[in-house]
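Next come the chains, spelled out residue by residue.
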Amino acid sequence: MKSLTELAVTMRDDWDRRVQHDYRFWIANEISPQSLLWEEGARDFAQMVAGLPFGPDMTAVEIGCGVGRMLPAAAAKFGSVLGLDVSPRAIAKGHELQRAAAINQGTISLAVSAGTDLGVVAASSIDFVWSFAALPHMPTRVFASYLCDIRRVLRERGCARLQVFIGLQDNPAESDTLRVRAYTERSLKEAVEKAGLRLTGIAQVAMPLQELLEELYLQPVVITLEAGDGSSGSFEDVAAALLPDGPEVDSAGTSCSDFEAWLALNYADRLYQGGDFDRARSTLEYVTQYCKTTELDVRDVLERLTQVSATRQMVADIEACAGDGEIYRANVEVLKRRFPEVWEQVKIGSLPGEPPIEIKASIDGPVLWSGSTCLDHPEKPVSAGHAWARRTLNDARIAQSSQLVVVGFGCGYHLESLFESRSQPIACIETNISSLRRALEVRDLRAILEKLSFLAVSHSNSLECSLEGLKPDSEVIVRPQSLVISGELVHAVTKVFNKQRGRTSLHPRIAVLGPLQGGTLPIMHYTTSALHRLGQRVRAIDVSSFSSGCDAISKLMHDDIRRNICQQTYVEMISSILLETFTEKPIDILICMAQAPISARALTELRRKGVITVLWFVEDYLRFTYWKEFAKCYDYVFTIQKGDCIEAIRRAGATHVHYLPTGCDPEVHAPTILTPEERARWGSPVSFVGAGYHNRRQTFARFANLPFKIWGTEWPAMKPFDRLVQESGRRLAPDEYIKIFNSSDINLNLHSSSERDGVDPTGDFVNPRTFELAACGAFQLVDERALLAECFEPGREIATFSSVSDLKDKIAYYLEHPEERQDIARRGRERALREHTYEKRLDEMLTTIYASSYQKLRQREQESPWAEMIQRASFEPELKERCERANARGEEPILDGLIADITMGEGQLTDTEQKLLFLFHVRKQIIRMEHEGAGVRN
Amino acid sequence: MKKRHPNKNKVLLVNITRLGDMLQATPTIAGIKQENPDCHTTVLVEKQFSDICHILPHIDEVVSLDLSFTCRSLAAEQVGIIEAYQYISEFVDKLRADNFDYCLNMSSSAYTALLLRLLKVPRTGGWTADEEGYRLIESEWARLFATSVHYQNRQYNSLNLVDMFRCSADVEQHPEKLLVNIESSAKRHAEDLIRSAGFTNTGPIIAVQAGASQAKRQWSPTLFVEMVKILDREYNARVILTGSPKEISIVQPILNGCQSNNVFSAVGKTSIPQLAALLKECQVLVTGDTGPMHISVAAGTPVVAMFLASAYGFETGPYSAGNIVLQPVIGCGPCNPNKSCSRPDCHETISPRLMADLAMARTAGEVTELSREQADPRHVMVYRTTFDRHGFCDMQPINAPEGDEFSRYRNAYRKLWLSDLGGFEVERTPQRHSKSSKLNIVDPGIEGLQEIANCAYTGQQLMRRLRELILDVRAPGAALQRINGDIASLDRSIEELGFNYGPIGSLAKMFLFAKENLSGSDPLSLASQMDSIYGDLGRRCERFSDFYQES
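Keeping their order, the protein sequence lines are chains A and B.
Per my numbering, the very first residue in the first sequence carries number 1; after that it's consecutive.
Per my numbering, the very first residue in the second sequence carries number 1; after that it's consecutive.
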């Protein structure tokens, strides 16, 4: 077995040789023009860095950077970027290319590495380590060695993202530096742990030659790694974990494999067909010189070479028929009739920014190209279409779906293959109008257009409506080509579709975790009620009874540090209880309200178990900053602020951050008729309900001469508040403040500020009180907020004030104009009920979650024992329906869950119910007999 | 004898979980065949007991339910539930296809009641369920069965469950013993076993069954050792220890403690048919209240049986004449079968000497008398099993002719149920006082009896009033509501009286079971049924009082 150093020498020699031959072919994408080198680098880097924090004070290093095509993109996000490669020729070429492209190299460094570790990089100096299309080519022991070294160089909160392959295949000989290696997910996880790292995510990634990879059952993924709790083990242990079936064996003789020869010959073939005879010749010489082989059958290559002339003839034919020819007109006839909306879009033509579509010939007919990507198979679209359809339908999820939605039309070869082997409806979404138009020009697509159940051309402006016609139980399959050319749009299509079907087809088990105490506690209840009303399987986790523990700690501890430590320990204890709760009754989504007492450890543990963690951060992110520590523990963060808030929380590590204001619960916040006694107690011309924050004290002290009542806590026991504050400043229950809202002529609503006097001119978010008052049909005067006008139209649906003096004037005005007050309040209530209920908010939250996590939730549901139970119960419709209902109720997959509604119900029992009860009593009897210790005898 | 369904054609007997139960059903099955010679009898048992059914006479077909599979599937939960459901579904379909015209379920479990409901058999005895899944007990004998096994009423009962089971199936003619066929191959196996034992003693062969279904019903191995030593050394007896393979750990200490050529362990060496054959070769079996006890009785070998802890001889005692039953006299016995016992003092009330002497005495013939010195009736009652003139099993005390404190109640209840439910003529003595008032009909010596009788009378009055209100279209709704409230309150009083006063517990329980079996939804019919139920209660109170005074 070679030493690591010897392997590094092999790698260096091999890659130097390849770079010398043709760096574009071996390192970059040979098909693309050289000018696209950096753009494609940027595209690939965007995949690597998606969702991660970055900034000018952060550092990044790439393992196996080749000529450094991703480095300029990295330098745009990081303050300092280092590219490492074992090949001196590659590094030299990188310098040359950067100079030629006049790329500012101030923040970019390129260096030759030892090839087996990050030795040149100082310990704990890097925020982000990445590698793309490099590690899979390295011998497994070298990969293991890198894994071990990553732990050393990462800063405390740093992370690594490495592109690897997941799959089952016979890995090549250890000295093979070209064929890719694949590992199982389990091996990867184990190896990463042994390397002292923690695997925090696995995401699919688009790669060149995606189709070829799929045919080899290789799944390209990016793994996200963070420093683990333990130290790094030996690289031998890590390598052993990666290869549980034994180490890679080495091959005798040259490291230049048949595979390399085969690739080079194909390349020569393409160059020849493309008319680049010089490079074709040099490539054949490369094969002759370095890749002498007796085993490779080159007949296939030769056959293709002989087809060149025939293909050229076909290109001529295609060119002749392109445009508004006979084929196009025939296709359009069907298109107009079947999908008139699509026809309208095709008529308009391509949209700005759409890449041009080129038609080329293949042995089976015309194929479409977008830049360097062929939208069909470049050579054998028919057989490739068959292979794709076969593979696609092998997936039970897809095969069993009521409708299959294919994203990507191409020239339709793959759709024809699908129609041959599938009877259920097939729909198609094309993301590029030009592409569809070109396809209509060059192929007879009438049969496809007749058979398609649905066709849409989607672009970012019309996604929602174009997908409305799809059935919710459809399955979406995205063609890799579409992912490559319109990745973002395809993701958007998938999201919109998932969002639409998620609400109808998913039934996740949701828990809502409230805070220990404070104003967010009622929002937890409103959230739970709203989810109930939306038909969700939800339960509230009310931990408010634990608040007394926190109070006790505060009383016992006077030192801030000690008190904080104790409170953190207390939260850890509550978190452990919560984890047990969720083990006993599992959940799929945990919605944590702001200040929910759950630790990062517990959240990480839940995420490890596949639970989607959500934070509804209904606080001012500038005042409460604990999100900095916790953002990365949540899959979704919903905020009541926009702009900087969302960016800041994203930078802190949250992947999905969305704006979602609070709202009202019409069952609680509603107009109420009060008795005269109640009006006397709760009513007043002017009222305020809320805690005595600084700006409120400072403002309301000036209103002592008004008929004004203040309700709430934390008001000073001094003049003038001693007269204004009601009932000793006690805490009010929601039903009490509803009475105040309904019996006050003017309800003041001044957003709190601990720093500023009066109205905060930079205040943005809208507090829950605004929506609650509006829903009560109560008149309110609220301070102006940046986000208020989106919710209510000032002056028409809500009355606002901009300063204390403005407030004084408006109080006087509105006290004199009761009809105007009523009109504004009425319109405000209508708007609140129409747009600002918690039901609306939670619906939005769920659809946002479903948009990105539909597959994950769907998979969890399918993996749930209920899924198999439902399937197995199909022999008896009533039993199946009972299983489905129990699942929808959120019952556990046990007999008690299945019969819960029978034992609670009344009326005549059906046969099925009797049989289930029979089983229930059998089990009960057996348990009783076991308890008695009854034996066989007697 | 009063009969509900005298004629039977295709009969299903549900007797699922216990070996003893199957054997105890043999007089009933034989009786059904005797009274309906052309009828076809099918027995439904748990799979592990299906083999034994083949050696029970008069059974035409055996259907087995694989409860082990069902329970394993249910324990696996998730898909296991569906598998269990599918199995039960197919099982029910198969049974339905047999079109039984009569089904007797004497298992009080809720699942067998539901099974009967699922089978939709038109005529049933014993436990079944209504259309909402609630338990129904249609036969009054079966209700008496349920009443008698209720923990509070057990000691007031002297009717063997075998007879209650039999009467639930309307069987009058029957053998006064349990039945089993001894196969010739099993007999040969038993003879071989005895030959292989290598006994040197020449006295009687005495079988000893040490294991029992619950630890607290199992006499201590030390006491068994002592008893066996007496039998071996003083009586020249040959002792065979019986038991299933699971009972080796119970028997081994006895075997070790005796260290004798004349003590042979047949534990784990016999199947059920072979055990029956082996017991037939013995002169007597010493046992607790066990399955082998019933096998022995069926094989014709008398038993000397200890009814320890929760076992109660009158209830499940050996069903043939001439057996000896020992029942400890202790404040806590017979105890609750569902509770364990950390100090089973009842075991100490029976001495090894007494057991050995009784076993030997029984080998010589019927034992009809014991002196107080041999068995002190303050600590243990010793009975001899007999049959009364109506063919009901009974137990006569042989160590205290005057009986125990419960015997007067037991006798009164025995006469009550035989006459009231069975229509049998029972021995009467002239009444000592005349009843001029309905409100003073019963013996004031039985606590609570007068109150419960008054309740029955009030109930009948309420029913008359209820019927009037139902028929009166102008009756105010409030009046109906009020009377409903009064009935609910009255019924609660009856239930509470039953709880408060042990001797009348059976009367109250029978009332409650009858009420649970009200059928239909027509108010007048329901009122009429209730009137009859109150009437039954009143009549039974009166008769019970009379029989009590007579005894």
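A few of these clues could be false.
When the alpha-carbon atoms are kept at most 30 Å apart in a straight line, the in silico DSSO-like pairs for lysine-lysine are as follows [stated by the list, open to error]:
| no. | chain 1 | residue 1 | chain 2 | residue 2 |
| --- | --- | --- | --- | --- |
| 1 | A | Lys555 | A | Lys585 |
| 2 | B | Lys187 | A | Lys924 |
| 3 | A | Lys924 | B | Lys280 |
| 4 | B | Lys246 | A | Lys924 |
| 5 | A | Lys719 | A | Lys808 |
| 6 | A | Lys924 | B | Lys2 |
Hints listed in this document are in silico derivations from the structure and should not be mistaken for laboratory results.
Given the structure is predicted, the values throughout are model-derived calculations rather than measurements.
We went through each hint and held it up to the structure:
Distance restraint check for Lys555 of chain A and Lys585 of chain A: the Cα-Cα separation of roughly 35 Å exceeds the 30 Å cut-off, and the hinted pair is therefore not satisfied. Restraint check: the Cα-Cα separation between Lys187 of chain B and Lys924 of chain A comes to about 40 Å, which exceeds 30 Å; the hinted pair is violated. The straight-line distance between the Cα atoms of Lys924 of chain A and Lys280 of chain B is roughly 38 Å, outside the 30 Å bound, and the hint therefore fails. The hinted pair formed by Lys246 of chain B and Lys924 of chain A meets the criterion: a straight-line CA distance of about 24 Å does not exceed 30 Å.
Between Lys719 of chain A and Lys808 of chain A the CA atoms are separated by roughly 20 Å; this keeps the pair inside 30 Å, and the hint holds. For the suggested pair Lys924 of chain A and Lys2 of chain B, the alpha carbons sit about 36 Å apart, so the restraint of at most 30 Å is broken.
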